[in-house]
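Here's the letter readout for the chains.
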Amino acid sequence: MLDHILSLLIFFPALAAMMGFVVHKDSAKAYGIAVSIIEFVISLYLWFAFDTNVSGMQFMESISIVPTFGINYLVGIDGISLFIIIMASFFTMIGIASLGDVKKMKNLVITLLFLQMTMVGVFAALDAIVFYTFWELSLVPMLYIIGAWGGPLRIYASVKFFLYTFTGSLVMLVGMLFMAFLYNQATGVWSFSILEWYRLILPENYQLWLFAAFFIGFAIKVPMFPFHTWLPYAHGQAPTIGSVILAAVLLKMGTYAFIRFSLPMFPDAAVFFMFPIAIIAIIMIIYTAMVAYAQEDIKQVVAYSSISHMGVIILGTFALNVEGITGSVFLMIGHGIVSGALFFLVGVIYDRRHTKMMSEFGGLASVMPRYATIFGIMMMASVGLPLLINFVGEFLSLLGFYNQSHIVTLLAGTAIIVGAIYMLSSFKKAFFGEVTNEKNRNLPDLNSKEIIALVPLTIIAVWLGVYPKPILDPINNSVKSVVMLMHEKSITEEAKTRIPLLEDKTLMQKPQAEVK
Amino acid sequence: MLSHVNISLQSLNISTLVPMLIPIVGALFILVLDLFKKDQNKSMYVMLSLLFMMLDFGSLVDFSLNFNTNGTALGYFNMMLIDGLALLAQFVIVGASILFIPLALTSKRFHEFSYPEFFALFLFMIAGFQFMVATDNLILIFIGLETASLALYTLIALHNRSKSFEAAVKYFTMGALAAGFFAFGAMILYALSGSVEIHQIAAVFNADEFANLPFILVAVVFLLASLGFKVSLVPFHTWAPDVYEGASASMAGYMSIVPKIAGFVVVMRLFEFLIQSGVVWLNVVLYVIVVITMTAANIWALVQNDVKRMLAYSSISHAGFVMAAVLIGTTQANSALFLYWILFTFTNLGAFSMLWISRQKNLAPGQSSDHSYNKFAGLIKIAPLSATIMALFMLSLAGIPPFALFWGKIYMISAAVSAGYIVLALIMALNSAIAGYYYLKLIVYMFMKEPEIDIDSKVYTMNGSIALRTIIGFAAVGTVFAIIAVNPLIEFITAFVYNSGY
Chain A
1 MLDHILSLLI FFPALAAMMG FVVHKDSAKA YGIAVSIIEF VISLYLWFAF DTNVSGMQFM
61 ESISIVPTFG INYLVGIDGI SLFIIIMASF FTMIGIASLG DVKKMKNLVI TLLFLQMTMV
121 GVFAALDAIV FYTFWELSLV PMLYIIGAWG GPLRIYASVK FFLYTFTGSL VMLVGMLFMA
181 FLYNQATGVW SFSILEWYRL ILPENYQLWL FAAFFIGFAI KVPMFPFHTW LPYAHGQAPT
241 IGSVILAAVL LKMGTYAFIR FSLPMFPDAA VFFMFPIAII AIIMIIYTAM VAYAQEDIKQ
301 VVAYSSISHM GVIILGTFAL NVEGITGSVF LMIGHGIVSG ALFFLVGVIY DRRHTKMMSE
361 FGGLASVMPR YATIFGIMMM ASVGLPLLIN FVGEFLSLLG FYNQSHIVTL LAGTAIIVGA
421 IYMLSSFKKA FFGEVTNEKN RNLPDLNSKE IIALVPLTII AVWLGVYPKP ILDPINNSVK
481 SVVMLMHEKS ITEEAKTRIP LLEDKTLMQK PQAEVK
Chain B
1001 MLSHVNISLQ SLNISTLVPM LIPIVGALFI LVLDLFKKDQ NKSMYVMLSL LFMMLDFGSL
1061 VDFSLNFNTN GTALGYFNMM LIDGLALLAQ FVIVGASILF IPLALTSKRF HEFSYPEFFA
1121 LFLFMIAGFQ FMVATDNLIL IFIGLETASL ALYTLIALHN RSKSFEAAVK YFTMGALAAG
1181 FFAFGAMILY ALSGSVEIHQ IAAVFNADEF ANLPFILVAV VFLLASLGFK VSLVPFHTWA
1241 PDVYEGASAS MAGYMSIVPK IAGFVVVMRL FEFLIQSGVV WLNVVLYVIV VITMTAANIW
1301 ALVQNDVKRM LAYSSISHAG FVMAAVLIGT TQANSALFLY WILFTFTNLG AFSMLWISRQ
1361 KNLAPGQSSD HSYNKFAGLI KIAPLSATIM ALFMLSLAGI PPFALFWGKI YMISAAVSAG
1421 YIVLALIMAL NSAIAGYYYL KLIVYMFMKE PEIDIDSKVY TMNGSIALRT IIGFAAVGTV
1481 FAIIAVNPLI EFITAFVYNS GY
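In the order they appear, the protein sequences are chains A and B. Each residue of the first sequence is one higher than the one before, counting from 1 in the working numbering. Each residue of the second sequence is one higher than the one before, counting from 1001 in the working numbering.
Be careful, since some hints might not be right.
Stated by the list, open to error - Footprint (simulated), chain A over chain B, 3 or more residues, beta carbon under 8 Å:
{"id": "1", "region": "1164-1170"}
{"id": "2", "region": "1312-1325"}
{"id": "3", "region": "1402-1415"}
{"id": "4", "region": "1442-1454"}
Calculated directly from the structure, the hints in this document are not laboratory data. Each residue gets a CB set at the ideal place from its N, CA and C atoms; glycine is no exception.
Looking at chain A on its own, in the form it has when it is part of the complex:
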């Protein structure tokens, strides 16, 4: 069973979703919870069985699908993808568990289970076409979630979300096909396996074009400035569960793909584009923080702050050294936990008052103390308070980039601190002071459903903030081999100096084929 645990993890939710059509609608939620708990347990078992000393891929499975064209069902995970997969199954579980009374509950549960299949699939895929399949497929359930359960502008938001991402990924698809063609030129066979592509050394100009093609696909997904305009709409209109999954897991596909594709495949291009991307990242951090400050809708504040922190992840990724990339992967987890929790919290207040306007609230701390406490902790985590989860990731990301450029790091660090202002000010507006609005006087505090969702997230945020080692070690291990491969593969002098040479020879993977 261990040999096929990843396939189990990917297709179990899909199978369960199809069987879910038979389940009566009154029991749909219970069914969904049961399935997602099983899935979560399997993903935990994956962690248990995961060998933290191995830096390469584990649990690999390979079935050829189109051998003449080199397409294989190839899956496997390393330390980078392991925790994102666990997070995806965790969020699906608590997401379904915390669902309130929504219309068409059965459809929602089935859609979420399908979405889970695509999420796990993206992070486990090691074949570009399999990756692309899950990547595109993940749009469809999300389209439905936003479009069917969203706010008044839901159709516009969902279509915009779909088309924006779809367009970007089609450009990426052309890049993938070109990459496969180059591989075919170099070796004489077709292959879409990412691991095979790692072995290919490309001339710099090819690298630049291919990097750009992949970049468009990934940057729209992250979303990086200036491609971010779909996200506030999607968040603004999506139901709580949609926003949570979108922020916690779906956006991570973009940043994850940078580490999985762009860096090891095009190291010279990554060095070439390092500073432009770092500048975009800083613009993301500062600009979206300022936009967030101007928002009157709490959900938009959280949405823009979420984009802002994605900027730090990008910055860490493009530090191109072990500290930076490890930090950015860790921050992906942290960002997922924290922004997922924040969207849950906004959903809680929206359920009670059916408004998300900040001006409607004030003094909530005295009415809903438990809610205010958790909101406070999560907000602190979001701004990067030490001993909370995001601090570790942000610190490592910045530390990584410090090795590349002091000035950029300084700017980014300042931006993060400035960014804290808007969070604190919106927290102040909503929670402190007198209760000014009569409607807020008798709001009930968190109920058990919401506690089930929020308390585990809080515990994780604190636990990993204090003791990040169990997660950091496997990530670090796998990142090392990525960095090593990049150094080995790079061809320009600048790339050799920018990407550090690591001492640990045991992790070495030799690139073999070369495109002339």
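Starting from the known structure of chain A, arrange chain B on it as the hints suggest.
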């Protein structure tokens, strides 16, 4: 005084005519049967046609086994050319017809299917298309084309609505013009080379190194215009949306597949040597036509209010996409054309069948046309299964993996990339994104809107009979599980295309 011509029956290789003769015999058989036993139920004619087409298919299988061992077969004064291209195209033609004809078995009565002539004409049409693809003789191509087209005009008109007559007349007029163009283009080629066989023409032109280039270009323009009408390339597409709208949905689906594959094969035979000749001008013209066909048709499709018209424009766009294969001209591209079209057959026939199954006799109040978008609003609440299946077909047409058309799409784009047409590949990819919008529009209507017009929920499966449901189920399974078939298909197609020298 004519001298005797001595030809041994052996050298005629009459057997190469068998695949075409089967539907012709079938059609005559149906007509004769009608003389003796009138007013039979349509189900008998459907099954008879189906039997003849299966026989036809069987003979093709036999020929393809023969092709694997002996290579290309010539016959009948070298007029018949049974190469891999001919066989593949005939497989698509006959296969799509087998999938199409059971759609006549609606539970509601429709005018056209009560005539046995419908089925006879249908079989004649198939024979015409088979002739068209199984030869490189321009005259025989012309005869095949006209036989098939004349039958098709009548089949459209038989639908017996005012719009169907309009469609048939429009198609007929345009088709007549195209036929004239074809004859004129072929005449110039004959005048220049003294031959009506494409490989002879190619040999002559290559020998004198395209000395009469201006005349050749005139001929090419006429032929391109004529074949452009048949495969509906922009700017020769104008008939298509109106004709699709006027024809019954099933017939429209059929028209979007079968006549076009026949056209593509002729285009491929005709333009292959011209493209390879290094005449830059032709490359540019084809490039422009391909890009405009894809893009313009997509943009027109965006603004349609009727699903059938949207699908009409979408199939024009798909034709442009596939036409790129002729421009690229590599073995991979030509194989991709067939792969794409086979996968497209399943998906598109499925989509049109979903329209066909919901065709009502009278429009509901507020409904502007037979298949207006608002008819499908909120379908997920009324008929969840129909909505889901329709959505599947739309996702496949949009090229979302892992559904059928995605595999055709990546193989085609990969062929473009491999041949160095990177910009073309990007245009093809971005066109899929534009197309995504209008396919999504139907999904949005079905899944995210509330029902808009007061319509009886039975309408959505109104014509549903076991036969229709079977075909739709077949198309849906083909669409979802296409991935299993992709590898054998690629191997099979590539071997055939490669061994025919394309």
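Outcome of the hint check:
Restraint check on the region 1164-1170 of chain B versus chain A: 0 residues with Cβ-Cβ distances below 8 Å, three needed, restraint violated. Coverage of the region 1312-1325 of chain B by chain A is violated. Counting CB-CB distances below 8 Å, 0 residues qualify, and the rule asks for three or more. Chain A is given as covering the region 1402-1415 of chain B, and this holds because 7 residues of the stretch bring a CB closer than 8 Å to a CB of that chain, at least three being needed. Check on the region 1442-1454 of chain B: 5 of its residues sit with their Cβ under 8 Å from a Cβ of chain A, so the three-residue criterion for coverage holds.
Hints 1, 2, counting from the list given before, are not met by this structure.
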